[in-house]
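> From first to last, the protein sequence lines are chains A and B.
Okay, so the first sequence: first residue is 2 according to the working numbering, each after it adds one.
Okay, so the second sequence: first residue is 796 according to the working numbering, each after it adds one.
Since the hints were derived computationally from the structure, they do not count as laboratory data.
Hints are supplied without guarantee of correctness; some may be wrong.
[As the list claims (entries may be wrong)] Take a look, some chain B residues computed to stay more than 10 Å from chain A by CB distance:
| # | residue |
| --- | --- |
| 1 | Val799 |
| 2 | Ser807 |
| 3 | Pro909 |
[To be verified] Counterexamples of contact, computed for chain A against chain B with all Cβ distances above 12 Å:
| # | residue |
| --- | --- |
| 4 | Ile13 |
| 5 | Val20 |
| 6 | Phe66 |
[Stated by the list, open to error] In silico DSSO-like cross-links for lysine-lysine, where the CA-CA straight-line distance does not exceed 30 Å:
| # | chain 1 | residue 1 | chain 2 | residue 2 |
| --- | --- | --- | --- | --- |
| 7 | B | Lys851 | B | Lys800 |
| 8 | B | Lys800 | A | Lys15 |
| 9 | B | Lys863 | B | Lys800 |
| 10 | A | Lys12 | A | Lys72 |
| 11 | A | Lys15 | B | Lys863 |
| 12 | A | Lys58 | B | Lys863 |
| 13 | B | Lys866 | B | Lys800 |
| 14 | B | Lys800 | B | Lys849 |
| 15 | B | Lys866 | B | Lys849 |
Just so it is clear, the structure is predicted and the values come from calculations on it, not from any experiment.
By construction, the Cβ of each residue, glycine as well, lies at the ideal position given by its N, Cα and C atoms.
Below, each chain spelled out in residue letters.
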Amino acid sequence: DTGVSQDPRHKITKRGQNVTFRCDPISEHNRLYWYRQTLGQGPEFLTYFQNEAQLEKSRLLSDRFSAERPKGSFSTLEIQRTEQGDSAMYLCASSFTGYGAETQYFGPGTRLLVL
Amino acid sequence: DQQVKQNSPSLSVQEGRISILNCDYTNSMFDYFLWYKKYPAEGPTFLISISSIKDKNEDGRFTVFLNKSAKHLSLHIVPSQPGDSAVYFCAASAWSFGNEKLTFGTGTRLTIIP
Numbered sequence: 002d003t004g005v006s007q008d009p010r011h012k013i014t015k016r017g018q019n020v021t022f023r024c025d026p027i028s029e030h031n032r033l034y035w036y037r038q039t040l041g042q043g044p045e046f047l048t049y050f051q052n053e054a055q056l057e058k059s060r061l062l063s064d065r066f067s068a069e070r071p072k073g074s075f076s077t078l079e080i081q082r083t084e085q086g087d088s089a090m091y092l093c094a095s096s097f098t099g100y101g102a103e104t105q106y107f108g109p110g111t112r113l114l115v116l
Numbered sequence: 796d797q798q799v800k801q802n803s804p805s806l807s808v809q810e811g812r813i814s815i816l817n818c819d820y821t822n823s824m825f826d827y828f829l830w831y832k833k834y835p836a837e838g839p840t841f842l843i844s845i846s847s848i849k850d851k852n853e854d855g856r857f858t859v860f861l862n863k864s865a866k867h868l869s870l871h872i873v874p875s876q877p878g879d880s881a882v883y884f885c886a887a888s889a890w891s892f893g894n895e896k897l898t899f900g901t902g903t904r905l906t907i908i909p
């Protein structure tokens, strides 16, 4: 039984560079979420997909951020022209929509440091 | 606007005693509540959840209580064990309104003293 996986686990980049993160959800899960967590805060919602459709984006997701889930399986989150304020833990979660409220299961996260 | 609040940043409990973590919320549309446990450098791990149609849910050593009128929930861990030392996050969603995204509190760091 494999859980949610994320790659890479750590990323150090220089300001202005582009970075891309990958998330592989639990295989039967049709929903995939991205959250961001900064020091001393709880995770904050960024965006989510149901299958390949991106259904909602947070105001936190500036136009430098783009997320895709091309075949309804894995997802990528790209940050263009990174800024120091983008330094955070980026968390992916997946869930299955069925009867009743869904439980989201999280991956280990990608820790981004922008120098 | 902090819709989910965990007012105690930290809590220390003796091993074997009960740990009680608290969470308050302000959004009346929240109807599904979850507790996650997080170790450093790892993602949150799901512990237990409760729907707003219930006031208690139990799973082994973990029990969550929901007081809808007070917009308050609590997580009880008994007996507390050293491996329970972690940061605990309360989260909420408004799933019956079609809003499944989670809103998290800021977390409570639980330390179990051997």
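> Work down the list of hints and note, for each, if the structure agrees.
Each hint tested on the structure:
Non-interface status of Val799/B relative to chain A is broken: a Cβ of that chain comes within 10 Å, the nearest being about 8 Å off. With a minimum CB-CB distance of about 19 Å to chain A, Ser807/B clears the 10 Å threshold, and the non-interface call stands. Once the 10 Å rule is applied to beta carbons, Pro909/B is consistent with being away from chain A; the minimum gap is 27 Å. Every beta carbon of chain B lies more than 12 Å from that of Ile13/A, the smallest distance being close to 15 Å; the non-interface claim holds.
Look at Val20/A: its CB is around 18 Å from the nearest CB on chain B, clear of 12 Å, so calling it non-interface holds up. The Cβ of Phe66/A sits about 16 Å from the closest Cβ of chain B, beyond the 12 Å cut-off, so the non-interface label holds. The suggested pairing of Lys851/B with Lys800/B holds, with an alpha-carbon distance near 20 Å, which does not exceed 30 Å. Distance check on the hinted pair: Lys800/B and Lys15/A sit about 35 Å apart at the alpha-carbon level, beyond 30 Å; violated.
At most 30 Å may separate the alpha-carbon atoms for a hinted pair to count; Lys863/B and Lys800/B meet this at roughly 15 Å. A hinted pair counts as satisfied when its Cα atoms are at most 30 Å apart, and Lys12/A with Lys72/A qualifies at roughly 25 Å. Between Lys15/A and Lys863/B the CA atoms are separated by roughly 47 Å; this puts the pair beyond 30 Å, and the hint is violated. Among the hinted pairs, Lys58/A with Lys863/B is consistent with the structure: their alpha-carbon atoms are about 29 Å apart, no more than 30 Å.
The hinted pair formed by Lys866/B and Lys800/B meets the criterion: a straight-line CA distance of about 11 Å does not exceed 30 Å. The straight-line distance between the Cα atoms of Lys800/B and Lys849/B is roughly 21 Å, inside the 30 Å bound, and the hint therefore holds. Proposed proximity of Lys866/B and Lys849/B is supported: the alpha carbons are some 13 Å apart, at most 30 Å.
Violation of the numbered hints given earlier is confined to hints 1, 8 and 11; the remaining hints are satisfied by the structure.
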